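**Student:** Residues per chain, in single letters:
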Amino acid sequence: MRMSNFNYLVKRGVGSVFRNGMMSIASFFVLLVSLLLIGLSVLVAMDIGVIMSNIEEKNEISVYVYGDVDQTTLNHITDALNENPNRLNVVFYSKEQAWEDKKNEMSEYKELFDYLTENPMPHTFRVTVKDISLISETAEEFSTIEGVEKVVAPYDFASALVNIRSTLTIIAGAILIVMIATSIIIIYNAIRSSVFSRSKEINIMKVVGATNSFVKIPFFIEGMFIGVAAGAASWAITKVTYEALVQLFRDDITIWRIFGLADMIQFDTVTWYVLAANCVLGALLGAIGTIISTGKYVRV
Amino acid sequence: MVELKNVDVHYVDGVKGGVDALNDVNIRVNDGEFVFIVGDSGAGKSTLLKLLTREIQPTSGRVFVNGYNLSKLRNRKLPYFRRSLGMIFQDFRLIPTLTVYENVAFVLRVIDKSKKYIRQRVPYVLDLVKLNDKAKAYPGQLSGGEQQRVAIARAFACDPKIIIADEPTGNIDPRLSYEIVELLQDINECGTTVIMVTHNHDLVKYFGGRIINLKEGSIAFDGFIEGE
Ligand SMILES: Nc1ncnc2c1ncn2[C@@H]1O[C@H](COP(=O)(O)OP(=O)(O)O)[C@@H](O)[C@H]1O
Ligand SMILES: [Mg+2]
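Here the protein sequences come in this chain order: V and A. Numbered per this note's numbering, the first sequence spans residues 203 to 502. Numbered per this note's numbering, the second sequence spans residues 1331 to 1558.
Incorrect hints may have been included.
[To be verified] In silico lysine to aspartate or glutamate, EDC-like type, Cα no more than 16 Å apart, as pairs:
1) V:K260 - V:D358
2) V:K402 - A:D1421
3) V:K332 - V:D272
4) V:K213 - A:E1432
5) V:K332 - V:E262
6) A:K1535 - A:E1512
[As the list claims (entries may be wrong)] Now the in silico label distances, taken between C-beta atoms and shown as ranges:
7) V:G217 - A:K1407: 54 to 62 Å
8) A:N1405 - V:A383: 49 to 57 Å
9) V:F220 - A:R1404: 46 to 54 Å
10) V:A383 - A:S1401: 41 to 49 Å
11) V:F398 - A:Q1450: 49 to 57 Å
12) V:F398 - A:E1363: 52 to 60 Å
13) V:S401 - A:Q1515: 28 to 36 Å
14) V:D470 - A:N1462: 30 to 38 Å
No wet-lab data here; the hints were simulated from the structure. Since we're looking at a predicted model, the values are computed, not measured. For every residue, glycine included, the Cβ atom is placed at its ideal position computed from N, Cα and C.
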């Protein structure tokens, strides 16, 4: 197709957006709200992910070693722990160190320690994990290592975190699906009504020998134009809303203390990605709505 | 060239068990001919034209138009076949939101002509139908006769091998009907085949030429008569 004729179709498609004013405005706002909710849930989900992994990293499995093990066994345990695919960091905490720490911790009872001739503290390994949902399996595996006396892990806390995370994933997923479906339906309706309002024109186009793609292009332009416009607007509103949200958290000292804010995503660092994602998703939703409403052949 | 061989068209109609719109029709129209198709309402005239544009397919028999075997024509090729035809309808079928000029330019864009070609072709065909001074007007601002002339300009703009007109004078002042047929004859003289359906017998008697008379789906007469 010639550029000049393609340009003409683009002009007609964009013109159609304004001719079908009410329909276009309605679809624009529905898409805007959808993209906004999708964008915000993705950003918030990412923030929660960062906060969760911060919390996760502070959760460690303590692996206690029998008092009488020799150096070879210790090395063997170190290797075995390091070979576990779920381990993030393995820190050795020697019985001497533990003893020193204990004494300092209980300095008021300093005399008490003088009576003890032997160090009662065991060697310990502190292991942080990559995937907290596998913490009980990992702890189980550690307990089978030769020379390990006891393994302690924060099982309840871990499962609570896992629950929170999967609930949030489900909520975000549901928002995504509902919003995407709603957007496609509204675009479908808008393009369908545009097709009907131009049925005469389409009929003439077919009579004189327009190809199917030629007939469809203006409708794609129309749907995608609404999508991209909604995407750009949604980006601006996402920016304002998200920055207000970050500010809210920053001002609330309690939240700050619990979660720490150092790692919360700064909008400025992702602004172009958000804009691009919004426009691409908007255009995609517009295109899908148009595909469904125009079908293989444009029927009028 | 147009050729229909043993064509039957049966419309499936739930209530009465269907309608036989055409029965064993054989027609051959050579390039450059001007043919009137006449017949009462319901005789099958529009059905015949729909076969030629492949809006419908025959129940049996074969249809050839401009070298295309229409029963073997793929949907993908249909638009390119249609470009060898120019269609004119009783109800004009102009796009009301476009000017006269744009209505004609529109079909040239549809068949992907260049900007330069469109810029010289549109004034040429509008001149042919003597409507250059109405180029900026909208269809609603024109009389029926003028609108049909725009439609003729549009049909001719694509330089078709055949122009097919279904009752082109049906919606316009009888006095102006002659003008329309004369215009089609001018186009015919340039080498374009014209097939025109009408039930205006005065018009046919006045101009004469080849007449095909359809009666209840069959050809009752196919021959030449003298004009007045
Ligand atoms: N789409 C259709 N479905 C069923 N019957 C039809 C259809 N189109 C036309 N007919 C019937 O076929 C016959 C011929 O119609 P048509 O070709 O339109 O006649 P004409 O144009 O000569 O008036 C008529 O009896 C009409 O009722
Ligand atoms: Mg008819």
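**Student:** All the hints need checking, so say for each whether the structure fits it.
**Tutor:** Hints, verified against the model:
1. Using a Cα cut-off of 16 Å, the hinted pair K260 of chain V and D358 of chain V holds, with the two alpha carbons roughly 14 Å apart.
2. The suggested pairing of K402 of chain V with D1421 of chain A holds, with an alpha-carbon distance near 11 Å, which does not exceed 16 Å.
3. The suggested pairing of K332 of chain V with D272 of chain V is violated, with an alpha-carbon distance near 29 Å, which exceeds 16 Å.
4. For the proposed pair K213 of chain V and E1432 of chain A, the alpha carbon gap of about 14 Å is at most 16 Å, so the pair holds.
5. Distance check on the hinted pair: K332 of chain V and E262 of chain V sit about 10 Å apart at the alpha-carbon level, within 16 Å; holds.
6. For the proposed pair K1535 of chain A and E1512 of chain A, the alpha carbon gap of about 14 Å is at most 16 Å, so the pair holds.
7. Between G217 of chain V and K1407 of chain A the C-beta distance comes to about 31 Å, which lies outside the given range of 54 to 62 Å.
8. Between N1405 of chain A and A383 of chain V the beta carbons are some 32 Å apart, a value that contradicts the proposed interval 49 to 57 Å.
9. A beta carbon spacing of about 37 Å between F220 of chain V and R1404 of chain A contradicts the range 46 to 54 Å that was offered as a hint.
10. Separated by about 43 Å at the C-beta atoms, A383 of chain V and S1401 of chain A satisfy the suggested range of 41 to 49 Å.
11. Checked against the given bound of 49 to 57 Å, the beta carbons of F398 of chain V and Q1450 of chain A, roughly 35 Å apart, lie outside it.
12. Our hint of 52 to 60 Å for F398 of chain V and E1363 of chain A is violated, since their Cβ atoms are close to 39 Å apart.
13. Checked against the hint of 28 to 36 Å, the C-beta distance between S401 of chain V and Q1515 of chain A comes to roughly 33 Å, which is consistent with it.
14. For the pair D470 of chain V and N1462 of chain A, the beta carbons lie near 60 Å from each other, so the given range of 30 to 38 Å is not met.
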